[in-house]
Every structure is written in C-alpha cells, then in structure tokens.
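Protein chains: 2
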Amino acid sequence: MKELELRRNGRPIILKLGGSVITRKEKPLTPNKRAIKRLAREISKAKVKRLIIVHGGGSFGHPIAKEHGIAEGFKDESQLMGFSKTSQAMTMLNEILVEALLNEKIPAATVRPSSFIVTKQSRIERADWKVVAKLLELGFVPVLYGDAVLDSAIGFTILSGDQLVAELAISLNAERIIIGVDVDGLYTADPKVDDSAKLIRNVSLEQLNELKDRIEKAKLVDVTGGMLGKINELMRAVKCGIPVLIVNGLKPNKIYKALLNERVVGTLITR
Amino acid sequence: MKELELRRNGRPIILKLGGSVITRKEKPLTPNKRAIKRLAREISKAKVKRLIIVHGGGSFGHPIAKEHGIAEGFKDESQLMGFSKTSQAMTMLNEILVEALLNEKIPAATVRPSSFIVTKQSRIERADWKVVAKLLELGFVPVLYGDAVLDSAIGFTILSGDQLVAELAISLNAERIIIGVDVDGLYTADPKVDDSAKLIRNVSLEQLNELKDRIEKAKLVDVTGGMLGKINELMRAVKCGIPVLIVNGLKPNKIYKALLNERVVGTLITR
Chain A
11 MKELELRRNG RPIILKLGGS VITRKEKPLT PNKRAIKRLA REISKAKVKR
61 LIIVHGGGSF GHPIAKEHGI AEGFKDESQL MGFSKTSQAM TMLNEILVEA
111 LLNEKIPAAT VRPSSFIVTK QSRIERADWK VVAKLLELGF VPVLYGDAVL
161 DSAIGFTILS GDQLVAELAI SLNAERIIIG VDVDGLYTAD PKVDDSAKLI
211 RNVSLEQLNE LKDRIEKAKL VDVTGGMLGK INELMRAVKC GIPVLIVNGL
261 KPNKIYKALL NERVVGTLIT R
Chain B
11 MKELELRRNG RPIILKLGGS VITRKEKPLT PNKRAIKRLA REISKAKVKR
61 LIIVHGGGSF GHPIAKEHGI AEGFKDESQL MGFSKTSQAM TMLNEILVEA
111 LLNEKIPAAT VRPSSFIVTK QSRIERADWK VVAKLLELGF VPVLYGDAVL
161 DSAIGFTILS GDQLVAELAI SLNAERIIIG VDVDGLYTAD PKVDDSAKLI
211 RNVSLEQLNE LKDRIEKAKL VDVTGGMLGK INELMRAVKC GIPVLIVNGL
261 KPNKIYKALL NERVVGTLIT R
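Top to bottom, those sequences are chains A and B. Here the first sequence stands for residues 11 to 281, where the numbers follow the working numbering. Here the second sequence stands for residues 11 to 281, where the numbers follow the working numbering.
Any given hint could turn out to be false.
Here are some of the chain B residues that sit facing chain A, going by a computed Cβ distance under 10 angstroms [what the hints assert, rightly or not]:
#1 K95
#2 L111
#3 I127
#4 V203
#5 V275
#6 L278
Read the hints as simulated data drawn from the structure, not as lab findings. Every residue gets a Cβ at the ideal spot worked out from N, C-alpha and C, and that includes glycine.
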C-alpha cells in the first residue's frame with residue numbers, strides 16, 4: 011500500500027524510443043528486433059516506478075504517411091486508405107514493441123493516440139489524459155506513439171511522437187524526459203556529414219536558441235521534421251522546467267543509465 | 011460532394027462480428043482466417059455508406075481475461091500482466107481483422123476502447139464518441155472491439171462488445187444493428203443441446219421478456235455472459251427503436267444480405 015501511494019505521488023519519467031532506434035529506417039516495415047529486445051531488458055532492469063513510453067514510426071509509419079500526404083490533411087478520398095494503412099502499420103510496430111515489453115514482465119498498456127486525440131492544424135489543443143494517468147496509478151507502463159490522427163481543421167494529420175512527449179510531460183508534470191535516438195545527442199553540426207561536428211553535453215534554453223541556426227543544417231529525413239522539429243517540440247517542456255536528455259538508444263546501456271539518472275554520454279537540455 | 015453530405019446525414023449501421031465467428035473458440039489465439047477473409051469480402055461488396063464494425067474477443071481475449079479475473083476488477087498487482095496480455099491479444103485479433111478489411115479496400119480505422127472509455131462498475135457511464143463520429147463523416151469504417159478497460163470503481167474490467175454496440179447505436183442514432191454469431195439466431199431453447207429448439211424469426215421486446223426464462227437455459231461460455239447477456243445489452247437499443255438482427259456469420263452471404271437489408275434467415279428483434 012505504501013508503495014502504491016509512492017507510485018501515485020511520484021512524477022513520471024517519459025521515455026521516447028525513436029523510430030530510428032526501434033526500426034530499420036531504410037527498410038519498409040522492418041523492426042530492429044535486436045534493439046527492441048535489448049531495450050525491453052534495460053527498461054525492465056531499471057525498474058522505474060512511474061514510466062511512460064512513447065515511440066516513433068520509423069520505417070513503419072513514415073513511408074506510407076508520406077506517400078499519401080497524410081500530414082498535409084484530407085484532400086481527396088483516395089487518401090483514406092493511406093490513413094488506414096499508416097494507422098495499421100503503427101499498430102503493427104506498437105504490437106512488436108509491447109510484445110517485447112511483456113516478455114520482460116513489464117505491464118505495458120497501449121494508449122492509441124488516434125482514439126482520443128483530435129488535433130487542430132496538427133497541434134493538440136487539449137487532450138484528456140485521464141486514461142494515461144489512471145494506468146500509471148495502477149502500476150501500468152502506458153505506451154503511446156506518433157500516429158495518424160483526426161484534425162478538426164484539416165481532416166487528419168500526423169501527430170509526431172515528440173509533440174506527444176512534450177504534451178504528456180507538461181500535462182502530467184513529468185520529472186524528466188529521455189529521448190533515445192540513433193546519434194549520441196545534439197551536435198554543433200550534422201555528425202553524419204560533418205567531421206568537425208561536436209557533441210553538446212549540456213545546453214540551456216538560451217544557448218539552444220543561439221545554436222538554432224547551426225542545427226537547422228542538421229535536418230534528418232522525417233515527415234514530422236528532423237532533429238530541429240524534435241528540439242522545438244521538446245523546448246516547450248524544458249520551458250516548464252522539465253529537463254530533456256538525448257541519448258543514443260542504439261548503444262547498449264545508455265537508456266538504462268539514463269533511466270537510473272546515472273551519468274551517461276548525451277545532451278542534457280535544461281532551463 | 012453530394013455523396014459526402016449523404017454520408018454525413020445518414021444513420022450508421024452497426025455490425026457486430028462475434029468472437030465465435032472470427033476466431034476458433036476452442037483454440038487459444040487462433041483466428042478463423044477463412045471466415046474473416048470471406049466477411050471482409052461481403053462487407054466490401056455490400057458498400058454500406060456509414061458502417062461501424064465491433065468485434066468480439068473469442069479465443070484471443072476471453073481465456074486470458076478469465077485466467078486473471080480481469081472482469082472482476084483489480085485485486086492485486088499480479089493481475090497487471092493479465093490485463094496487459096488481454097489487451098495485447100485483442101490488438102492482435104483486431105490487427106488481423108483490419109488487415110483483411112484493408113485488403114478489400116475498406117478504409118478501416120481502429121478506435122481502441124481502452125484508450126478513451128473508462129467504465130464504472132463495468133458500465134460505460136458516458137463516452138466521448140467524437141472520434142468515431144468524425145471518422146464516419148470522413149468516410150472511414152470505424153472498428154471497435156470488446157476490450158480490457160479501466161474502471162473508476164473497481165480499477166479495471168472487461169467491456170463487452172455487446173455493451174459497446176448498444177452504446178454506440180444509441181449515441182450515434184444507428185439505423186439498425188446486425189449481430190453475426192455462430193448460430194442462426196435466437197432459439198426457443200439451446201439448439202446445441204436440445205433438438206426441439208426452434209428458431210425465433212421475429213420477436214418484440216414484450217415477447218422477449220416472456221421468453222427470457224427459456225433463454226436463460228441457453229447460456230454459452232463467455233466471460234461477459236452468453237446469449238442472454240448479449241440480448242440484455244441489445245434490448246437497450248431496441249427500446250430506443252433500433253432493430254437488432256441476429257444472423258449466422260459463419261454461413262456465407264448472411265451478413266452480406268443483412269447489410270443490404272435483404273430477407274435472411276435470422277432473428278429480428280423490434281420494439
């Protein structure tokens with residue numbers, strides 16, 4: 011009972027597993043099963059009391075959404091099948107991840123964003139987080155994901171996992187956010203094309219604004235925007251005092267250490 | 011545009027696909043793939059303008075839910091994994107059905123009950139159907155299912171597909187309800203054990219109340235109640251003037267004819 015109260019009162023940690031970590035981005039509909047299995051073990055081992063997982067779409071959601079212009083809204087009926095297929099692809103990826111979590115005895119409970127969130131011009135106006143909050147209270151690990159959702163202005167759109175993370179963090183007063191991506195963190199330039207790129211270990215909101223120009227050059231292919239879009243979304247949470255740690259989810263034990271709040275290579279963004 | 015208006019204004023048909031139709035009830039986690047494929051074709055061929063599909067759990071949801079006492083609510087933490095596994099099994103079955111619908115070019119869109127419905131003592135108190143309504147408006151076929159859901163009184167429970175059907179029908183002012191099961195309809199006794207059992211072709215609410223005693227003997231194994239529970243739930247919709255047609259979903263073309271409102275062997279319940 012004491013433990014249940016502690017759990018009730020504690021602030022949740024939000025862990026984002028990027029599509030570039032849990033899927034093979036270059037191969038359509040291909041999960042990175044090894045990474046998923048390892049991450050499920052790391053999450054299980056870390057035994058975080060209140061944890062919310064949000065995952066991206068990678069090679070499941072993005073190619074289909076892009077092909078049908080889902081992020082640009084409803085234009086004609088031919089897109090309906092595209093929306094349905096995007097949604098189904100995300101269900102498949104979510105199911106694979108949840109299966110891995112269940113195998114590690116993590117009581118994962120999927121909350122499907124498109125079932126309760128309607129955006130306006132691709133932005134969450136307000137959402138009812140009672141299901142997520144109640145799942146946490148009972149001891150579940152809610153799992154959400156970037157999804158094809160309805161939009162009151164443009165019919166439908168893509169809700170990015172990063173917007174979801176920021177919104178969840180602010181609404182549920184998260185303790186901190188951990189973002190698992192396929193690079194070590196935020197660099198001074200795009201590390202994939204520029205050898206002089208340096209990892210930024212600590213950065214404040216103010217410094218981040220100064221760095222913005224350089225970051226704009228580090229765009230990654232992503233229907234919802236690359237690293238810049240990611241950081242822009244997350245800055246809203248940082249402004250509310252919630253620190254964001256970006257770590258490499260493809261390297262073993264980074265997520266594990268981050269969950270335990272141990273020192274780990276990555277980028278820490280604080281207010 | 012005219013078609014879109016018609017679609018907006020039309021009253022939806024609600025089709026329930028019972029777990030006994032789309033799964034092999036005796037084999038855990040086994041879909042009845044042949045029935046699913048045939049039904050997807052029948053639904054596609056019928057071209058209903060506004061259609062909502064609700065499916066049951068059969069050998070996916072029920073055995074796991076029963077094993078962990080999910081319908082009886084939260085008693086201890088050991089049930090958490092049971093809830094998660096029930097939920098995941100239902101995701102799997104839903105994914106198989108939706109895949110078959112997509113293959114027949116039906117723009118199916120899953121709305122996950124546990125993501126937006128919280129019951130109280132296993133009853134839906136009120137639910138926000140805006141996502142379902144908006145999906146219909148855009149031309150999608152919303153797909154829902156009996157699910158493990160949170161409950162404000164007992165922690166969690168099982169929400170039956172039949173309760174969902176009645177609630178959807180009343181809230182969205184459905185034109186009619188079609189229930190696909192593994193028998194031809196409602197009998198005067200249990201047709202599986204009693205040779206003298208006769209199919210009831212037409213029945214009014216009043217007659218149904220008189221028959222209740224006999225029906226109670228036709229109980230089928232189902233964590234959410236058998237045929238009696240099914241009919242009790244649906245009677246709420248009939249009281250609101252929404253007719254319910256029970257047909258055999260395992261026999262080809264029954265669902266197809268029912269969707270077209272053609273004459274078909276079954277039980278029609280009217281006010």
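Each hint, compared with the structure:
1. Against a cut-off of 10 angstroms between C-beta atoms, the interface hint on K95 (chain B) holds, since the closest Cβ of chain A lies about 6 angstroms away.
2. Hint status for L111 (chain B): holds, given a least beta-carbon distance of 8 angstroms to chain A, under 10 angstroms.
3. Here the hint on I127 (chain B) is kept, as its CB sits about 8 angstroms from the closest CB of chain A, short of 10 angstroms.
4. Annotation: interface hint on V203 (chain B) violated; nearest CB of chain A at approximately 38 angstroms, more than 10 angstroms.
5. A hinted interface residue such as V275 (chain B) counts as satisfied when its beta carbon comes closer than 10 angstroms to some beta carbon of chain A; here the least separation is about 33 angstroms, so the hint is violated.
6. Checking L278 (chain B) against chain A by beta carbon gives a least distance of about 32 angstroms; that is not within 10 angstroms, so the hint is violated.
Hint compliance for this structure: hints 4, 5, 6 are broken, all remaining hints hold.
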